[in-house]
Amino acid sequence: MFKELLANEFVFPLMLGFVFGILCRINLLRTDYRQYPTYPHGKIIHVSLGVIASALGALAIPALLKENYTAVTFLTVAAQQFRDVRNMERTTLNEIDKQELVPRGGPYIEGIAMVFEGRNYLVMFTSLVTTSAMILFQWWGGVIAGVIALAIASKLKSGKTLQLIVEVEKAPLRVEGKDLYVGDIYIMNVGLEESQKVISEQGMGFILIPKDANATVTIAHPGQRQAILHDVATQLGVFTDAGEPSLTPLVKRDLHTGRLGVFLLPQVKDQERAEAVIRAVPILESVFRMPQKTNAAKQEV
Amino acid sequence: MTSQILAVITLSKENIAGGAPIFIEPNKEKMQQTAFTLEKILDAMVHEVSEDTLIVVRHK
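Chains as they are written, first to last, in this note's numbering: chain A, 1 to 301; chain B, 302 to 361.
There may be inaccurate statements among the hints.
[Claimed, not checked] With a Cα cut of at most 20 Å, we get these calculated PhoX-like pairs of lysine-lysine:
| # | chain 1 | residue 1 | chain 2 | residue 2 |
| --- | --- | --- | --- | --- |
| 1 | B | Lys314 | B | Lys329 |
| 2 | A | Lys197 | B | Lys314 |
| 3 | A | Lys98 | B | Lys361 |
[Said to hold, decoys possible] One-sided excerpt, in silico: chain A residues whose CB lies under 8 Å from chain B:
| # | residue |
| --- | --- |
| 4 | Pro62 |
| 5 | Glu176 |
| 6 | Lys178 |
| 7 | Asn189 |
| 8 | Leu192 |
| 9 | Glu193 |
| 10 | Pro245 |
| 11 | Ser246 |
| 12 | Pro291 |
[To be verified] Derived CB-CB ranges, DEER-like:
| # | chain 1 | residue 1 | chain 2 | residue 2 | range |
| --- | --- | --- | --- | --- | --- |
| 13 | A | His41 | B | Gln305 | 38 to 44 Å |
| 14 | B | Gln305 | A | Ser48 | 42 to 48 Å |
| 15 | A | Leu255 | B | Glu330 | 35 to 41 Å |
| 16 | A | Val268 | B | His360 | 50 to 56 Å |
| 17 | B | Ile306 | A | Asp241 | 21 to 27 Å |
| 18 | B | Ala318 | A | Val268 | 42 to 48 Å |
| 19 | B | Gln305 | A | Ile96 | 22 to 28 Å |
| 20 | A | Gly177 | B | Ala318 | 45 to 51 Å |
| 21 | B | Ala318 | A | Ala220 | 35 to 41 Å |
| 22 | A | His41 | B | Glu330 | 16 to 22 Å |
Hints listed in this document are in silico derivations from the structure and should not be mistaken for laboratory results.
Note that this is a predicted model, so its numbers are computed, not measured.
Glycine is no exception: its CB is placed at the ideal position from the N, C-alpha and C atoms.
Can you make the complete structure from the sequences, with help from the hints?
Here you go:
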């Protein structure tokens, strides 16, 4: 029976595609400061889905070559399946977000969910390319194509970060009686002297200056601003507790110039690190706007 | 609007009227103390409207 299996001309291409697909998923599965996917169960879920994705990707071309045209409908099943992955991630993250001291915010969650779906397609792409290359050009063709596909997948893995579109500047935090400012940007009204004291001791201020009109519109989005606050809170801690709304980190916008005043309350008061964290905040895909690309608004927005 | 005034703490009661509970205090120190207590009890935020009036607001 084993011999029969090996007699099939597509067994090795399938296996190679399958292996490269799984490698691709593992390569793309990183748990970083976001602590997501969680270890070990979150990882198990995604590796298993990656296995399914790579099997589907590897099967497509051999199925066609065997003139089994209906097998291609499998791919639509796959697309449906991975849309569910996105739903699953969205639901989980939304549940977690309700209890978060500094929530991620909807657009950030949407971005993460989208990434999970997208990575499964990258896995399918890798195994599909590997299998077809091996069918066409022997085993070495498959390996080369697989390695190239892996490289492309890693390149597509990470998006852009805020440092591309804004200048981050340290700014003094001013508590003037009830009024709280970062540089010249008004943040909020704090009535309690106790809170004013804590804020002036623990607070930290930054001003983000957009580099162009696209950046101005992008960072104005509340989802993008929430992502900044969440990222700083996960990496530097946050000096607050549930039910302490007066100790809430906030980002406010200067309406005239589009600059953002970022007021932070980190547990670790390290300005350099906070600045590095803000620079590395991902630009949320669903929030990114490019008004400069339209013909209607060729002039400065 | 989702924000809501839960309580008012004031030194001059003649300036205040309306729906929220009003706490009248003799001096600023007492006013701050009451505001602090109310903030912790209500899990809300204290804002200063004027020198002698604080409000406790629940945001969201």
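Tested hints:
1. Between B:Lys314 and B:Lys329 the CA atoms are separated by roughly 14 Å; this keeps the pair inside 20 Å, and the hint holds.
2. For the hint linking A:Lys197 to B:Lys314, the alpha-carbon distance of about 28 Å lies beyond 20 Å, and the restraint is violated.
3. Note on A:Lys98 and B:Lys361: the hinted pairing holds, with a Cα-Cα distance of about 13 Å set against a maximum of 20 Å.
4. For A:Pro62, the suggested interface contact is broken, since its CB lies about 55 Å from the closest CB of chain B, more than 8 Å.
5. Hint status for A:Glu176: violated, given a least beta-carbon distance of 11 Å to chain B, over 8 Å.
6. Given the 8 Å rule on beta carbons, the hint for A:Lys178 holds: about 4 Å separates it from the nearest Cβ of chain B.
7. Given hint, A:Asn189 at the interface with chain B, holds; its Cβ is 5 Å from that chain's nearest Cβ, closer than 8 Å.
8. Annotation: A:Leu192 was flagged as interfacial toward chain B, and the flag holds, the nearest CB pair being 4 Å apart, inside 8 Å.
9. For A:Glu193, the interface hint holds, since its Cβ comes within 8 Å of a Cβ in chain B; the closest pair sits about 5 Å apart.
10. Taking 8 Å as the C-beta contact cut-off toward chain B, the hint placing A:Pro245 at the interface holds, the least distance being around 4 Å.
11. Hint status for A:Ser246: holds, given a least beta-carbon distance of 5 Å to chain B, under 8 Å.
12. Residue-level restraint check for A:Pro291 is violated (minimum Cβ-Cβ distance to chain B is 30 Å; threshold 8 Å).
13. Distance hint check for A:His41 and B:Gln305: the Cβ-Cβ separation is about 40 Å, which falls inside the suggested range of 38 to 44 Å.
14. For B:Gln305 paired with A:Ser48, a C-beta distance near 47 Å keeps the hint of 42 to 48 Å intact.
15. A hinted range of 35 to 41 Å for the beta carbons of A:Leu255 and B:Glu330 is consistent with their spacing of about 37 Å.
16. One distance hint, 50 to 56 Å for the beta-carbon pair A:Val268 and B:His360, is violated here, with the actual separation near 26 Å.
17. Between B:Ile306 and A:Asp241 the Cβ separation comes to about 23 Å, which falls inside the hinted range of 21 to 27 Å.
18. Range check, B:Ala318 to A:Val268: about 47 Å between beta-carbon atoms, so the 42 to 48 Å window is met.
19. Distance hint for B:Gln305 and A:Ile96: a CB-CB separation of about 27 Å, consistent with the stated range 22 to 28 Å.
20. A hinted range of 45 to 51 Å is violated for the C-beta pair A:Gly177 and B:Ala318, which are about 26 Å apart.
21. For B:Ala318 and A:Ala220, the hinted distance range of 35 to 41 Å is satisfied, since their beta carbons lie about 39 Å from each other.
22. The beta-carbon spacing between A:His41 and B:Glu330, approximately 53 Å, falls outside the hinted interval of 16 to 22 Å.
Hint check: violations occur at hints 2, 4, 5, 12, 16, 20, 22; the rest are consistent with the structure.
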